[in-house]
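Peer 1: Read the sequence shown against our numbering and you will find it ends at 227, with the numbers running on by one and no gaps.
Wrong hints could be hidden among the right ones.
[Claimed, not checked] Derived DSSO-like pairs (lysine-lysine); straight-line CA-CA distance at most 30 Å: (1) Lys139 to Lys149; (2) Lys99 to Lys177; (3) Lys195 to Lys139; (4) Lys177 to Lys191; (5) Lys177 to Lys140; (6) Lys140 to Lys191; (7) Lys140 to Lys195; (8) Lys177 to Lys196; (9) Lys139 to Lys177; (10) Lys191 to Lys139; (11) Lys177 to Lys149; (12) Lys99 to Lys139; (13) Lys196 to Lys139; (14) Lys99 to Lys149; (15) Lys196 to Lys140; (16) Lys140 to Lys99; (17) Lys195 to Lys177.
Everything labelled a hint here was simulated from the structure, so no lab data went into it.
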Amino acid sequence: MELTPRVSCELSKLATVYEAHQRILTVSSQSEEEVVGEVEQSLQELNVSHCHKKFELENVILKSWVLEFRRIDEIAAPDRTRLMLQYRRAKWILDHLFETSRNEKECSKKRLVFYGKYFFDPQMPPLLIDSNPRSVDALEE
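Build out the structure end to end from the sequences listed, making use of the hints.
Peer 2: And the structure:
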């Protein structure tokens, strides 16, 4: 399949916006000292408070990303809602697999890396929220 110049230009624009969004997520996890390079960033174990802090930012970035798609308004509202849910899951997975792939050490330990700052071991029990264990599926909903 050959890309037309218009499609190629749109994909390039989306890739640039995606890269900017990923940078925002990474920088939002860094201290001022880490941003200016005074201290080396070290990975910390992801906990519930980190998730709560990042959830809103990830949602804003997802909405911003989706609005970059041409003709998104032409899709019926119920279909857009389903599309957002499916896209949220897929983008979340791809974002974190991409981030993990850039960190060989954590990759070899079979850990996921989030925002270039946190790691999560998928073999660990489900996250505890308000002292109640919840599955990953429940967290997504």
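Peer 1: Looking at the structure, which of the earlier hints fail to hold?
Peer 2: Those not satisfied: there are none.
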